[in-house]
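Model the full assembly from the supplied sequences, consistent with the hints where possible.
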Amino acid sequence: MNRMAQIVAIGLLVASSGCHDLERSRQVDNPAVAGRTIALQICSNCHGVNGVSVSPTFPKLAGQTHQYLVDQITDFKSHSRSDPNARRFMWGFTHLTDAQIEDLATYFSDQATEPGEPAAPELMDEGRTIFTSGLPAKGVAACVACHGQHGEGAGQFPRLAGQHADYVVKQLRVFQQTDTRPRGATMKAVCTNMSEQDMRAVAAYVEAFPQAPAAESASPVREDAVDPPAKEEVVDPRTKKAGEPSVNQ
Amino acid sequence: MEQAFLNGSHAFYRLLRMGLLAALAALCMLQTFPAHALPIFARQTGQSCVACHAGGQFPELTPYGRMFKLNGYTLGERTIPLAVMGTVDVTKTRHNHDINGNDISPKDGNLTWDAASIFLAGKITDHIGGFAQYTYTNYDHQNASGTWVGHWGSDNTDIRYVDRIIGDAKDLILGVTLNNSPSVQDVWNTAPSWSYPYLSSPTSAVGAPQFLPVLEGSLAQQAAGIGGYLYWNKTVYAELSAYATAEGIWSFLSKGSKEGDTAHPQTYLRGYNPYWRLALTHDWGANSVMVGTFGLNAKIYPNDSNAFPIFDQGVTRFTDIGFDAQYQYILEPHTITAQARYIHENISDPNNLVLGDSQSASLNSLRLKVSYIYQARYGISLSYFNVTGSTDSAAYGSSANFSPATSGWMPEIFWIPVQNIRIGVQYTHFTKYLGARSNYDGMGRNASDNDTLFVYLWAAYW
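Quick mapping for you: the protein sequence lines, in order, are chains A and B.
For the first sequence, this note's numbering begins at 6 and goes up steadily by one.
For the second sequence, this note's numbering begins at 338 and goes up steadily by one.
There's no promise every hint is true.
Stated by the list, open to error - Label-pair ranges, simulated between beta-carbon atoms: (1) A:Pro187 - B:Trp613: 48 to 56 Å; (2) A:Gly144 - B:Val573: 46 to 54 Å; (3) A:Glu127 - B:Asn570: 36 to 44 Å.
Derived from the structure by calculation, the hints contain no laboratory data.
Because the structure is a prediction, the values reported are computed rather than measured.
Cβ coordinates follow ideal geometry from the N, Cα and C atoms, glycine included.
Structure follows, in structure tokens:
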């Protein structure tokens, strides 16, 4: 095995000569590492290279609003966001610099969104009603007011369109039952009286975010509703740039 | 419960055992405090155990846990690389006396402090990381005067150099591994190094199949392996490695084993012995699936009755070919995992070093397992195993039929009260043992006489 020892030693020396290349670094405590490198080497493991996560355990980040991403990463870093999965997965990023956080937010907000599959029509209709009109009797505000006509979000209010329904439901429960997301204190008032069914309905709706009511729906049709194709990629015009590669996962 | 293990022959050992039990109990209580401290990998990443371990059932890995290992344990920030783990357990064999009234499994029914390990693991550089375990087995063996002797030895060790080329449309992980057990470098829990049962009785003489293919542990901490692997687009994993005897400069990988030590002999391989592994994976929603194949071609020298190797009588060649599959569904609060593995071994023994009746034989091993865990806290597993193979009077002399065939079921329930402690109750029921359901040894012992109850507490600290 001595010959093997020499080969391994030489191999490691050659290999380690490349270890100052920051292009493929997986350090999260080095200010010199680009945000894009961190996104590719670290974040992509759960959130996908293009911010479209496979498992609903991890939220999609593609096309998320820049400010919301900055806020969440900042809150993970300071541990002020402390819901269970934040603690389990996101509390290790305590040495990211402000510049890296900016770059990470830019990287993911620039990615094209990918809507999910629609759920049963009745659930979708129920969800659309909650999203556009709220539940006045329960004191549930209409989501459009902050999250946008197309669920695209604005500034500190996150994009919801395209997000995993399971993730949305679990975050609604976090807002309703805990105080572990201080920046989302507004949401506590919104979803105080939401039932499990209400949460599942609005979550199913935002995941697929279809443009028009289903033909057999009995819900009121909005005045400005149009008849788009059955399934259409929801893209925030602010996020898609010329020459951007198409979404693939 | 009997405290017989406290009545050791030396006061020093008695104190040591009491002290370690007390330490373990104290550590358990300490865990009611918020987790400021984390195990090496958890300290390195800032993540909880469930981030990498499916349903919290270490050592099972989630898709992210597999990525962490395939990236050479380098994700996160370098930290103090030490951690420890220990097990306390009790074994109960259904009928623990042989035909002469002697005990079959020692320490049966006694609560024992089983083993403790120390780990040196984690990120070394941006591209190099590792996992090195060193284990003390408290009731390793009895010496000539019947005294129990403990034993330190190398345990699973895997050191890697990794690079990852990842962009918008491609993802390629390239790695080199140096390790001391074929399949310890694998990331699926079908790998013999990391498959169910994750813990089993250290003292039972009969609680597990007596004969298994070489890939299922014969070379663990005996061989030194170097290999290269790639994982492409989270779809194709391919690896080629070669194993040789862990001697000379590589003997740090087999510490605790040496020639002439009948309790811990060193196994000697001839030359470089290839190991390969191919796996296809796909993740969708909360689901993750793998199908794969793997194999090992090992040429092993015989040892004499004093555990010294014999180099001038040739070798026995073992060719193992395996097929495996794994499925996981992981979405809070549910975790479902299932593994299936089949290994076919061909034994070629032209000099009759292990076989007596012919110069070739086969040995086949099937292991199936399914687990369900709720809230990463309450779990249940069920496993089925089936070993079959050629008969041989020299290799399987303890069987009346000269057969290695052993099969049975292994249910287990477990509780994870805090993320670093697991308490489990495991039962092994044999439907066949060494070739027969009843009277397998010709002296009236039945397969189910070897049924074993095993209760354990497994804790890790950092």
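These are the hints, each one checked on the structure:
no. : hint                            : result
1   : A:Pro187 - B:Trp613: 48 to 56 Å : holds, 53 Å
2   : A:Gly144 - B:Val573: 46 to 54 Å : holds, 53 Å
3   : A:Glu127 - B:Asn570: 36 to 44 Å : holds, 38 Å
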